[in-house]
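There are 2 protein chains.
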Amino acid sequence: MNCVINTLKSAIKEALSGITFDYRDCAYSISYVIDVKQTLKHMVQTKGYAAQDAQTDLAPWNYEVREVGPHDVLIDILFCGVCHSDLHQIRNDWFPGIFPMVPGHEIVGRVAKVGAHVKKFKVGDLTGVGVMVDSCRECDNCKSGLEQYCLVSPVSTYNAMGKDGVPTYGGYSKNIVVHEDFVLHVSEKLSTAAVAPLLCAGITTYSPLRYWKVGKGHKLAVVGLGGLGHMAVKFGVAFGAEVTILSTSASKRKDAEALGAHHFVVTSDEAQIAGVKNSFDFIIDTVSAKHDLTLYLSLLKTNGTHICVGAPSEPYEVPAFSLLAGRKSVAGSGAGGLPETQEMLDFCAEHNIVSDIELIDIKYVHAAFERMVKGDVRYRFVIDMATL
Amino acid sequence: MNCVINTLKSAIKEALSGITFDYRDCAYSISYVIDVKQTLKHMVQTKGYAAQDAQTDLAPWNYEVREVGPHDVLIDILFCGVCHSDLHQIRNDWFPGIFPMVPGHEIVGRVAKVGAHVKKFKVGDLTGVGVMVDSCRECDNCKSGLEQYCLVSPVSTYNAMGKDGVPTYGGYSKNIVVHEDFVLHVSEKLSTAAVAPLLCAGITTYSPLRYWKVGKGHKLAVVGLGGLGHMAVKFGVAFGAEVTILSTSASKRKDAEALGAHHFVVTSDEAQIAGVKNSFDFIIDTVSAKHDLTLYLSLLKTNGTHICVGAPSEPYEVPAFSLLAGRKSVAGSGAGGLPETQEMLDFCAEHNIVSDIELIDIKYVHAAFERMVKGDVRYRFVIDMATL
Chain A
63 MNCVINTLKS AIKEALSGIT FDYRDCAYSI SYVIDVKQTL KHMVQTKGYA AQDAQTDLAP
123 WNYEVREVGP HDVLIDILFC GVCHSDLHQI RNDWFPGIFP MVPGHEIVGR VAKVGAHVKK
183 FKVGDLTGVG VMVDSCRECD NCKSGLEQYC LVSPVSTYNA MGKDGVPTYG GYSKNIVVHE
243 DFVLHVSEKL STAAVAPLLC AGITTYSPLR YWKVGKGHKL AVVGLGGLGH MAVKFGVAFG
303 AEVTILSTSA SKRKDAEALG AHHFVVTSDE AQIAGVKNSF DFIIDTVSAK HDLTLYLSLL
363 KTNGTHICVG APSEPYEVPA FSLLAGRKSV AGSGAGGLPE TQEMLDFCAE HNIVSDIELI
423 DIKYVHAAFE RMVKGDVRYR FVIDMATL
Chain B
63 MNCVINTLKS AIKEALSGIT FDYRDCAYSI SYVIDVKQTL KHMVQTKGYA AQDAQTDLAP
123 WNYEVREVGP HDVLIDILFC GVCHSDLHQI RNDWFPGIFP MVPGHEIVGR VAKVGAHVKK
183 FKVGDLTGVG VMVDSCRECD NCKSGLEQYC LVSPVSTYNA MGKDGVPTYG GYSKNIVVHE
243 DFVLHVSEKL STAAVAPLLC AGITTYSPLR YWKVGKGHKL AVVGLGGLGH MAVKFGVAFG
303 AEVTILSTSA SKRKDAEALG AHHFVVTSDE AQIAGVKNSF DFIIDTVSAK HDLTLYLSLL
363 KTNGTHICVG APSEPYEVPA FSLLAGRKSV AGSGAGGLPE TQEMLDFCAE HNIVSDIELI
423 DIKYVHAAFE RMVKGDVRYR FVIDMATL
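Taken in sequence, the protein lines are chains A and B.
Residue 63 is where the first sequence starts when you use the numbering used here, and the numbers rise one by one after that.
Residue 63 is where the second sequence starts when you use the numbering used here, and the numbers rise one by one after that.
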C-alpha cells in the first residue's frame, strides 16, 4: 500500500515538475489516481506477524492485500510452516530485505473467494502456496514449468516486489491473494497441518531426487536431519534408494530408524566414516550453516553428486582434488516448479507422506526459531493460524 | 635403488636384532640379498633432470630404472611435455614430494626392449606414457578402465612409490620402464613432439567432454587458454559444440580464432559478459591458480555444469545461491583411463589433432616454467630429449 502511494506520488511529482509540461502526463496521472483509488476501495484487510526491521522481533501487524483480480484466489490461511529461510530473511542474512516483512512460504489454507476467470479452484477448496507467487511467465524456464528458475526472477511469496509494485507478504498471516497459476491443490486425505512443510521442505528435497533419478540401486546419504533432511529421508526411501543419515551426533539414531532410514552414521566416529568411504551415489546436503564439504566428498563413489539444498550465507569451500579424484560434482537445487510441486503433493497423498511436525501458537515463533537453529525440532514447526 | 638397499638393510637389521632369533628369518634375508643382487645386476642406467629437493632447480642426475620384467617395456624417450603440475610437484605445492624427483608425464618415445611376455609392443614402436604407470588393477574402477580413479590409488608416473617400493621417475629423462598395460600406441602419422601433450593436457580435456557428452547443440565455454585450454577448444570444436573462449585479456583473440573457437569474450568487459549470462551448457575450467567461480556460474544455463580440470592448491569458493538458482553443478575430472586415453590418441590421429607446441632444449626448462606461470606459451612447452 505505502509503496503504491509512493509510486503514485513520484509519478505526479515527476509529471508536474517536468520542464516541458505536457497535458498528457497530467491526464495520465489523473487516470492513475482514479485506478489506485478504485484499487484502494477494494483492498482486503488482513493481519499477520511482521518484522518492522531486521533488528526487531515479529509482532502483530494489520495490513491490506489486493482485492482478488479476475485470475486471483483469496486464501484463508490455516497453517504455515517455519522455514530456516524465514529467519535468514527477517535478519537480512542474505540481502537487504523489504520491511515490514511478513515471512512464511509453506502455506495451507482454504479458498475464500475466487476471481471471475478462475478455473482451477472454487470456494472451500484446500490449497497450498509455496515459495513463489509469480514469475515472468515468458522465459524458457517459465514455459517449461521451471518457474523456480525464472530467468527474470521468480516473485518470492514474501520479501519481494510483485509486478504491481507492491511488496509480497507471506503466510504468517490470515490471508493471501495469489494468481491461481501459483496455487496448488492439496488433498483432504492428509493431515492438513503436516502438509504445510511440503510446500518448501518437501519440494526442495523431492525435486533434486527426481531430477537426478535417485531410486532403486542407489545409495543416498542425507546430511542434516531437520525439516528438509527428514523429508529427503522419506522421499529417498519412497523412491527405493538405500538411505543413510550422516549425523554429527548419535542422539537422532532412533528417530532415523523411525523415519525409515536404512543406516545411521555418526560423522565424528572415524571407524564408522571409514566404513562408508567412496560408497554413496548421492549425498543430499540440507545444512543451512557454513560447513566443509571435504569429508562428504570423500564418501561419494566415483561420479557421485553432492546436492546442496540448504543455503549458507558463506560460500562452500571445495578443494579441487576432492572433485578431480573421482569425477565428483557439487550441485545445487532450489525448490521446484509448479507442475512438479503439484506432482509432489499428489505423490504424498498417494503414498501417505507428510512432514513430522510440532504445531505451535504463533506467539511461540521466536522460541521456535531459537530451537530450530539448535536443531531442536522434530522436524518442522508449523504455526496454527487460528492462534493469530 | 637407495630405497631398495634401505629396505634390505632394515630387513637384515630386524632379523638379526630379533629377541627370538629364527633361522628362517636369516634364510629369508639371505635369499632377499640374492634377489636384490640379481636385480641390481640388471638395472638400466639412465639419466634425467631431477630436483634434489623442493628448493632447488632441476639439474642433470644419473640413476637406474629396473630391468624390463616379463610384461615391461623399456622406452627411449624422444619428447616430454611440460605440465603445470610438474612445477607444482617439484615445489611441494600439493603435498610433500619424493626427492630426488624427475618430473614429466607427457611422454612419447620408441620401444627399446620388451619383456618375454609383452604382447602389445615390439622394439621400434612409437609409444606414449601418461600420468600413471600402474594401479591396483583389482578395484571396480580399475576393472572398468577407470584406472585414473583407482580406489587404492593410481601409481603416478613420477613422485609416487611403485608397488616394488621404488619411487617412480618421470619423463624429463632418457628412459622409462613401464608395464605394457600402461603404455599407449602412438600413430606415426602425427608430429611426434606435438603428440606428447596429448598424454596429459589432451586426455584431461577429452575425457570430461566425452563423459558429459558435449557436442552438437551445446554451447561450451573454455576458461584459461593454456596447455589444457587450447586442447579443450580443439576437442570441443571437433565434437561439434559451439565454443567460446573466456579470457581475462583481449590479447589472445586472434589465436582463439586460429584454434577454431567460434566466440571470444573478455571477462573484464561488462557488456560482453552481459551478452553471455545464462548461456553456456558447459564451462571447462583449466585454470590451475586460485580463482572465484561466481562469475562463471552466472554464465551457465539452468542445469549447466562447470567442469574443473585445473588443480589450484587452495579450495574453490562456491556461493550456495550460484548453484541453487539454476540447478547448476561444479564438477571435477582427472585425466582419463587407459582405454579412453588410447581412444583419444586414435581420435587425434584420425582427425589430425595435436597440441600447438614450442619445442625446447631441456636446459631451458626453468625459463619455460616462468613463462608458463605467466601464461606466455602457445600452448605447451615440449622438451626435446635429444638435448639431455
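Derived by calculation from the structure, the hints in this document are not laboratory data.
Model, not experiment: these values are computed from the prediction.
A hint or two may mislead.
Note that the list lumps identical chains together, so a pair holds whenever it fits in one copy or between two copies.
What the hints assert, rightly or not - Cross-link-like lysine-lysine pairs, in silico, DSS-like; alpha carbons within 30 Å at most:
no., residue 1, residue 2
1, Lys225, Lys339
2, Lys278, Lys225
3, Lys205, Lys339
4, Lys251, Lys225
5, Lys182, Lys278
6, Lys251, Lys436
7, Lys184, Lys352
8, Lys181, Lys275
Going through the hints against the structure:
With identical chains, the CA atoms of Lys225 and Lys339 are at most 30 Å apart between copies only, with a shortest distance of 23 Å across copies and 49 Å within one. In this homomeric assembly, Lys278 and Lys225 never come within 30 Å of each other (Cα to Cα): the closest approach is 43 Å inside a single copy and 38 Å across copies. Taking identical chains as interchangeable, the C-alpha atoms of Lys205 and Lys339 lie at most 30 Å apart only when they sit on different chains, with a minimum of 19 Å there against 41 Å within one chain. In this homomeric assembly, Lys251 and Lys225 never come within 30 Å of each other (Cα to Cα): the closest approach is 35 Å inside a single copy and 63 Å across copies.
Neither within a single protomer nor between protomers do Lys182 and Lys278 lie at most 30 Å apart by alpha-carbon distance, with minima of 35 Å and 41 Å respectively. Proximity of Lys251 to Lys436 under the C-alpha cut-off of 30 Å is found in neither arrangement, the shortest distances being 33 Å within a copy and 66 Å between copies. Taking CA atoms no more than 30 Å apart as the test, Lys184 paired with Lys352 passes in neither setting, with 44 Å inside one copy and 57 Å between copies. Within a single copy, Lys181 and Lys275 get their C-alpha atoms no closer than 33 Å, and across copies no closer than 43 Å, so neither meets the 30 Å cut-off.
Hint compliance for this structure: hints 2, 4, 5, 6, 7 and 8 are broken, all remaining hints hold.
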